[in-house]
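Using the sequences provided together with the hints, build the complete structure.
Here the protein sequences line up with chains A and B, keeping their order. Read in order, the letters of the first sequence are residues 1382 to 1561 in this note's numbering. Read in order, the letters of the second sequence are residues 1382 to 1561 in this note's numbering.
By construction, these hints were calculated from the structure, which means they are not laboratory data. Some hints here could point you the wrong way.
Copies of the same chain look alike in the list, so a pair counts if it works inside one copy or between any two.
[As the list claims (entries may be wrong)] Listed next, the in silico DSSO-like pairs over lysine-lysine satisfying Cα-Cα at most 27 Å (straight line):
| # | residue 1 | residue 2 |
| --- | --- | --- |
| 1 | K1554 | K1461 |
| 2 | K1474 | K1404 |
| 3 | K1403 | K1474 |
| 4 | K1395 | K1474 |
| 5 | K1430 | K1395 |
| 6 | K1403 | K1461 |
| 7 | K1448 | K1430 |
| 8 | K1403 | K1430 |
| 9 | K1403 | K1443 |
Number of protein chains: 2
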Amino acid sequence: MSIRNAILGFLSWKPFTGYELKKLFADSLSFHWSGNSNQIYGTLIQLHKDGAVSIEVQQQEKYPAKKVYAITEAGREELKAWLLDGPVLPEVKNHFQIQLAWAEALSGAELDALFERYERLLSDQILMYRDRAARGREGPSRSAREMLIWMRIEEGRLAAYEAELAWAAGLRKELAGLSG
Amino acid sequence: MSIRNAILGFLSWKPFTGYELKKLFADSLSFHWSGNSNQIYGTLIQLHKDGAVSIEVQQQEKYPAKKVYAITEAGREELKAWLLDGPVLPEVKNHFQIQLAWAEALSGAELDALFERYERLLSDQILMYRDRAARGREGPSRSAREMLIWMRIEEGRLAAYEAELAWAAGLRKELAGLSG
DNA sequence: CAAAGCATGTAAGCAGTTACATGATTGT
DNA sequence: ACAATCATGTAACTGCTTACATGCTTTG
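As structure tokens, then:
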């Protein structure tokens, strides 16, 4: 369960170059990868070696030559096998909760400041999400089903951030009540 | 932001052996580490080299000798510095959502089966959470503030799983409506 | 004239994983 | 007899990260 599957997913939509894939990952709100070249170019080389993708080199006049990767039959089979593979629980690393868990060494004011910074971080993120959502729809639209799924995934992400913000704000108030 | 901080956190509570720490991580619902020996023993050695913990070797009659680790002043300073460090957004790897995003190659029945397995996984996890919560309270209780925080963290985790389950169930129904 | 875009890649490192190795003791 | 508990550690690997390297073109 790695970026390899997601790359195959994008290529099942249409052929892409490594550079384009890199941007897709970097711009995406729903995928958790940073989209660094190391991983993308390396994985593409691996996929090609495994016969899951084919390469077409396109010379260009003004820009460096590019390698356009297309998914093969074997690639589609690998993708489908992964899709049928048992689902896995989400992995969450909530660093802030871990900080909180050991925050006994902080004063009330220091703890409150930590909450304030966290809440600002979250609301910034939420604003950015809404902004992007209002702007352009990323993602394919091969069917009504796929469009619905992509929409609900984005909504789910946003709702999770909002729930986290509400949780933090609620706990902060409770803590203020304790000390005040 | 790694297991090193969490180990210092546990040791700020009271001294522990590596073996005990390993169990604390493995049993914990709120921490995301597996608690494998490699990481724990290795980190303890590193912490000792850095002067953040002290070691007391205790010989035992029937069991192997154990090393009891205690936090030092330097360790407490490191812990506090980390606590004051800027909070970071939660990192979420929702593998199921990524599968869904590329599920176009699946039939309606295959997709529905994937949802069913995911929902069962989630509800099993939720049951396990409730069960453990009903049983023993893990965690320290040095103050009312700390107890409240630990309680709310556990509740937040549970609520997140429940929200994820509701999200999946809702989307599944919508998808059934599309095809039916 | 500097920054951003196009396009490919490499190097070094971090945090985490499973599996292995050892060996006595206690419970089923 | 077999598994679990106590207790420490090592080896090999995965997936991902930031930073670096090259070089031409277009935009501000």
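Broken hints, numbered, in rising order?
Checked against the structure, no hint fails, so every one of them is satisfied.
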